[in-house]
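Got chain Y; can you put chain W with the ligands on it based on the hints?
For the record, the sequence lines run as chains Y and W.
Numbered by full-length UniProt numbering, the letters in the first sequence go through residues 15 to 522 in order.
Numbered by full-length UniProt numbering, the letters in the second sequence go through residues 15 to 522 in order.
Careful: at least some of the hints might be erroneous.
Copies of the same chain are indistinguishable here, so a pair counts whether it falls within one copy or spans any two.
Claimed, not checked - Derived pair list, reagent style DSBU-like, types lysine-lysine, alpha-carbon separation capped at 35 Å:
hint	residue 1	residue 2
1	Lys464	Lys517
2	Lys478	Lys504
3	Lys464	Lys208
4	Lys298	Lys463
5	Lys225	Lys411
6	Lys275	Lys484
Hints in this document: simulated from the structure, not taken from any laboratory.
There are 2 protein chains.
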Amino acid sequence: TCFMIAGVVDGKPNFVILLMDDMGWGDLGVFGEPNKETPYLDKMAAEGMIFPDFYSANPLCSPSRAALLSGRLPIRNGFYTTNAHARNGKAVLNLYPQIITGGIPDSEILLPEVLKKMGYRNKLIGKWHLGHRPQYHPLKHGFDEWFGAPNCHFGPYDDIDTPNIPVYKDAEMAGRYYEEFAIDKKTGESNLTKMYLNEAQQFIKKQVGKKEPFFLYWAADATHDPLYASSNFLGMSKRGLYGDAVKELDYSVGQILQSLKDNGVDKNTVVFFSSDNGAATYAKTGGGSNGPFLCGKQTTFEGGMREPTIAWWPGVVQPGKVSHQVGSLMDLYTTFIELAGGNIPTDREVDGISLKDALLNNTVTDRPLFYYRGNELMAVRVGLYKAHLWTWTNSIKEFNAGIDFCPGEEIEGVTTHEQMNNTNQPLLFHIGRDPGEKYMIRPSLEEYKKVMPLIMEQVNQHKKNLVPGKPQLNMCDRSVMNWSPPGCEKFKCLQGPSPAPYKCSWPH
Amino acid sequence: TCFMIAGVVDGKPNFVILLMDDMGWGDLGVFGEPNKETPYLDKMAAEGMIFPDFYSANPLCSPSRAALLSGRLPIRNGFYTTNAHARNGKAVLNLYPQIITGGIPDSEILLPEVLKKMGYRNKLIGKWHLGHRPQYHPLKHGFDEWFGAPNCHFGPYDDIDTPNIPVYKDAEMAGRYYEEFAIDKKTGESNLTKMYLNEAQQFIKKQVGKKEPFFLYWAADATHDPLYASSNFLGMSKRGLYGDAVKELDYSVGQILQSLKDNGVDKNTVVFFSSDNGAATYAKTGGGSNGPFLCGKQTTFEGGMREPTIAWWPGVVQPGKVSHQVGSLMDLYTTFIELAGGNIPTDREVDGISLKDALLNNTVTDRPLFYYRGNELMAVRVGLYKAHLWTWTNSIKEFNAGIDFCPGEEIEGVTTHEQMNNTNQPLLFHIGRDPGEKYMIRPSLEEYKKVMPLIMEQVNQHKKNLVPGKPQLNMCDRSVMNWSPPGCEKFKCLQGPSPAPYKCSWPH
Ligand SMILES: [Ca+2]
Ligand SMILES: [Ca+2]
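One chain only, chain Y, in its complex shape (with noise of 0.2 Å):
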């Protein structure tokens, strides 16, 4: 197209990604959450384009980050496991992933690798999740700045059995959670999002001094258990805690936006809003909400991997629009690079397309989305329908001692809490007059037997070229743990155990 992109800079117009953790589709005023606290991200809505049929690449915080950064699905850039079938990679005891070996490999070629390339500075605001040890760590993966921790805020820990989690400034830690970086979680109290915020502030004016385009990738994780927010928004919701955590995020949105526009680069910056899986729904009250979606992260209904995305780019992208495109995370890879004039790579299956016709022109390109959990594709969508091949919550075991991937929602053969394996009978839905998937079109119907062979047919393709990477989710080891990170001599430095790998278990 000769559509003109007014205002970027040299054809490098920066990047900003807002990526929440465990955020639901439905938290989003916008999108139908009815306390409609988040003024600022409607008004960011207001501004820019919505994408109700946006997905993450996978259910779960590490794998779908590794997919967002690499373009790539999980099964092909290794953050999986083949200990067990089908499985999300959740370690017991909330030692996870402290305890894992693996991690982004060297062979991925991340995002901020390609846009460094070309004259970009990379920041890392908050959660990294593609590998905690020295090898994994952000600035070695492109990055040139980092303020954040490489794990989820678990904790507090006790320095013996396991240490806390540290949080980096750029190579070295600048202390720990609940130790210089606290979180009561008592009152929910903590700073972290404030922190977040201004370094976000700071990063932005501070590019724009230097005329250096930027990549920003903020992942706050305050909705992510456990919960927290700062003294300001404490009992500011309608929706306790969890609502007090979106309220501080959605504010936070919006000084982020207000700080493009004060410096001057809100008309040459692609901003990108999103959630890294669905709302936790086992969390009851403490999580967020799917809308009227079903069931929630950790499964491939769409509670799990349907997310509330907006992009905004003033000047560019129209106010008020909705696309319908289908779009995943990993699109933001091929989009971004797109943009800045680099060269997608060819060496390789990249599973992300390009977003800019949606965004210029509200275009809408077909393309299958695989849901996989695990090892396995469990799922996949073309245009409105969704076929499962595989459906399961969790264990009965799991269920029957209370913990519920679906709470208040059971549907006969679908929530199932063994691994169907419905390959050679997928169960189909019409996602667009049933987005709930409580409604299965039977194979008996003239319908089923003219859309499945052609979902199949996307199916056996995609088997087809399927090159699986190493798993990076196999092995465990306790000496792997965060015991003395880089710069701990400034705080402390602790005594981990010797060297110990074993085979990784995985409840989910």
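Below, chain W with the ligands without anything else, positioned relative to chain Y:
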């Protein structure tokens, strides 16, 4: 307050109620429908004020509409039965309500009666549902004009056991459904919404020409079973025929608002969009969506009674606002009478409150909300808390026969299939952090002990003052069906049976 209402001629603004039939809270893009197919309603919301906490007075068409026009709960105005406990009132075989002998009592003072005395001209377009015998017709109860039908558009009937429903033009029949007014049940095609739109446009134009204030009650029913849309809209939705109907209604609402603008009366016309009850979830993909709310039509869970509500009054109501007022369709009675400068009847309880301050100043007034089913107070909302005094969905017998009021949803002790009397220990929910009514607040908790007495105080107050009206839905008689409506001689008059009244039976 001394707020100056701009643009109101003679202190008598026009009033328009756009009342949908069985449309759910989650059916509008602005309320979170994922296919985003309501651009006109979304624009109405952007130009007006949305009420995410707005309710019908009953989860069923007929009592809901009687409450809307009388400003009073069905238990007061008589739209309930004492033949069975907590029954909604839908008789078998889709004959209802042609065989019902009752209707709106003369003693009720309806909104159009009050407005008529103040110089308004009132028109009903669409479904009446407040009684179909001559003495209950809209023109006997304050309306000056009518185009529409007294009942639902079920059929076609055989003219022998059952006559088809008449469509009226003012006091006389203008034909019958499936005869002069076609509904093709195979294709879903019907021009009724188109006719209703045209009637509205003509009425607005005429009234503006006469400089006479008006009340237009536009009660289209394309989203009520059997669903229909005109040929331009058939197959246009991603949601099937239900979505086609929504798209045509959305378009029609847009045209009506445009008509107000074109005729220069948008700034002195108060418009409310809402629905008479929750989406009929038991119709599966043939029904609408209640978004994140539990169950639907027929039930007193949030899905049964929370309605997608938008107020629009350019120049007075500020654009893009959200009101957190707990509102009811009954409030339109009080609000409109107050805005017209009239007096609310003082010789009786009126349940509606005035929303004037909510509209003008976005203030919120505390008020309890009562959820009735037939003759029983099932639940009450006070602030963000909701207590269920009784729970049930539908009978296990019906459920086992495939009629499910809560498809895919099952909450132990809540979505019960027998009538559960919880009045000694009501089931408490916080619908701010738990809009889906999934997570009971246990009676052992401090929160329960603190909140429950305050709620029960409201319940006791309400019950103490309650004077139930004479039940209108007790008696049935096949002789009262629409055999020979006024004006039938221009078409055909049918011979009904002799009077034979009997007690109606109510499955739900
Ligand atoms: Ca996550
Ligand atoms: Ca209705």
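So, going through the hints one by one against the coordinates:
| no. | hint | result |
| --- | --- | --- |
| 1 | Lys464 <-> Lys517 | neither (44 Å within a copy, 50 Å between copies) |
| 2 | Lys478 <-> Lys504 | neither (52 Å within a copy, 71 Å between copies) |
| 3 | Lys464 <-> Lys208 | between (53 Å within a copy, 34 Å between copies) |
| 4 | Lys298 <-> Lys463 | between (39 Å within a copy, 21 Å between copies) |
| 5 | Lys225 <-> Lys411 | neither (57 Å within a copy, 72 Å between copies) |
| 6 | Lys275 <-> Lys484 | neither (43 Å within a copy, 64 Å between copies) |
Of the numbered hints given earlier, the model fails hints 1, 2, 5 and 6; all others are met.
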